[in-house]
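Asker: Let's have the full structure, built from the sequences with the hints guiding it.
Keeping their order, the protein sequence lines are chains C and U. With the numbering used here applied, the first sequence covers 1 to 217. With the numbering used here applied, the second sequence covers 1 to 217.
Careful, some of the hints might be misleading.
In this list, chains with the same sequence are indistinguishable; a pair is considered to hold if it fits within one copy or across any two.
With a cut-off of at most 35 Å between alpha-carbon atoms, the simulated DSBU-like pairs for lysine-lysine come out as follows [claimed, not checked]:
| hint | residue 1 | residue 2 |
| --- | --- | --- |
| 1 | Lys28 | Lys64 |
| 2 | Lys188 | Lys64 |
| 3 | Lys56 | Lys188 |
| 4 | Lys45 | Lys66 |
| 5 | Lys188 | Lys66 |
| 6 | Lys45 | Lys188 |
| 7 | Lys56 | Lys66 |
Note that these hints are calculated values from the structure, not bench results.
There are 2 protein chains.
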Amino acid sequence: MTEAKTIQRQALPEPTLRRLPWYLAYVKMLDGQQVAHVSSTQISKALSVDSSQIAKDLSFLNIKGKTRIGYEVHSLAQTLADFLGFTQHHRAVVIGVGSLGSALLSDVGLSQYGLSIVAGFDINQALVGRNVGDIPVHHIDDLATWQNQHHADIAILAVPVEHAQQVADLVVNSGISALWNFTPVRIKAPERIAIANTSIYAHLAIIYNRMSVNNNA
Amino acid sequence: MTEAKTIQRQALPEPTLRRLPWYLAYVKMLDGQQVAHVSSTQISKALSVDSSQIAKDLSFLNIKGKTRIGYEVHSLAQTLADFLGFTQHHRAVVIGVGSLGSALLSDVGLSQYGLSIVAGFDINQALVGRNVGDIPVHHIDDLATWQNQHHADIAILAVPVEHAQQVADLVVNSGISALWNFTPVRIKAPERIAIANTSIYAHLAIIYNRMSVNNNA
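Answerer: The structure is reproduced here in structure tokens:
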């Protein structure tokens with residue numbers, strides 16, 4: 001754990017960070033099937049990733065397979081989960097408790113990946129003061145005061161497009177230093193703010209495009 | 001509409017497909033503010049995308065800005081929405097009605113992007129035969145029979161990792177030709193199946209990594 005944290009201080013290439021969860025999903029599955037060892041060739045076949053790429057990605061974690069035996073499945077799963085931050089405890093607020101925001105508030109699956117959602121914020125007076133699931137919803141104007149007391153790590157942005165930048169500015173001013181952006185807006189924020197963009201609607205555009213290409217092939 | 005469909009038959013580069021929804025979000029916002037025209041320089045500043053890249057991306061839609069005036073905001077928004085498939089009607093099933101799957105079943109926001117969720121499928125007898133929101137949940141064994149009658153366009157995969165490939169095979173065999181994969185598993189499927197991967201947990205890994213880098217800078 002300590003070692004993983006130490007290693008983690010370097011910024012990893014984003015493609016590596018996207019592949020590591022694939023490896024984790026695969027070795028967790030093997031671990032559940034009581035498989036003890038796995039070779040990079042096996043991982044490569046299962047995930048269609050070049051085996052030299054796998055070795056390179058895992059070298060960021062100081063993990064090396066043993067000749068002929070390969071990687072030890074259980075410890076590889078643990079090291080990957082630690083390294084990816086999934087075994088630590090992060091606290092998030094959801095800003096914008098509309099349909100997507102409420103869905104995220106109720107997604108208990110996130111807790112398996114080290115994320116607890118502790119509060120929601122909105123401007124809608126019909127929501128403010130109520131709970132969604134077990135999570136209290138506060139007025140967005142109270143964000144900075146709330147944050148002073150509760151110190152959330154991450155703000156999840158799920159507001160309408162036209163308010164996205166303005167609300168992101170509120171988040172930054174409140175002292176929250178990481179922003180998980182679910183809007184299709186390109187947020188501008190200081191360098192010190194960690195941002196990840198998850199525009200699920202952009203992925204819809206990708207699947208629609210592939211469907212129309214395939215239908216007309 | 002017809003023209004957009006005709007153009008759409010070519011497979012677009014994925015980076016272009018990821019940027020087009022940013023342009024759409026931005027010009028929709030301008031449209032709401034009654035702005036009539038926008039230049040590629042303005043879009044470039046707002047979104048931090050090179051203006052020559054914007055011109056190139058939009059050329060896939062046969063859209064050209066006019067010298068000094070730029071693009072007409074309202075028609076650009078409409079053309080982008082048409083082109084991205086957001087104004088067409090697509091029907092999807094959600095497979096795996098756990099926490100993420102239920103969240104997706106209740107995300108009415110998807111309908112603004114041309115997607116209606118019409119049914120859920122699961123193996124959990126406590127869910128089968130019930131409704132989540134207004135959406136009926138059926139047993140996964142009934143998928144092929146159901147699909148013969150209802151012809152969904154897209155299957156949204158939100159099952160546990162260890163069942164992902166097996167359930168993807170069921171989807172392919174049922175005749176559904178597009179798979180929106182929310183699991184962190186690399187799904188193998190025939191070339192003719194359109195796949196988009198949205199592993200929101202992989203994005204969590206990205207934000208955790210950036211946070212730990214920033215905290216230790």
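Asker: None of the hints should be skipped; say for each whether it holds.
Answerer: Each hint, compared with the structure:
1. Within a single copy, Lys28 and Lys64 get their C-alpha atoms as close as 18 Å, which meets the 35 Å cut-off; across copies the closest is 50 Å, which misses it.
2. For the identical chains of this complex, Lys188 and Lys64 are inter-copy neighbours only, at 27 Å across copies versus 39 Å inside a copy, given an alpha-carbon limit of 35 Å.
3. In this assembly of identical chains, the alpha carbons of Lys56 and Lys188 lie at most 35 Å apart whether taken from the same copy (33 Å) or from different copies (23 Å).
4. For the identical chains of this complex, Lys45 and Lys66 are intra-copy neighbours only, at 18 Å inside a copy versus 51 Å across copies, given an alpha-carbon limit of 35 Å.
5. In this assembly of identical chains, the alpha carbons of Lys188 and Lys66 lie at most 35 Å apart only when taken from different copies (28 Å versus 45 Å within one copy).
6. Taking CA atoms no more than 35 Å apart as the test, Lys45 paired with Lys188 passes between copies only; the shortest distance there is 11 Å, against 40 Å inside one copy.
7. For the homomeric pair Lys56 and Lys66, the shortest alpha-carbon distance inside one copy (15 Å) is at most 35 Å, but the shortest distance between copies (48 Å) is not.
Against the hints set out earlier in the document, no violation occurs for any number.
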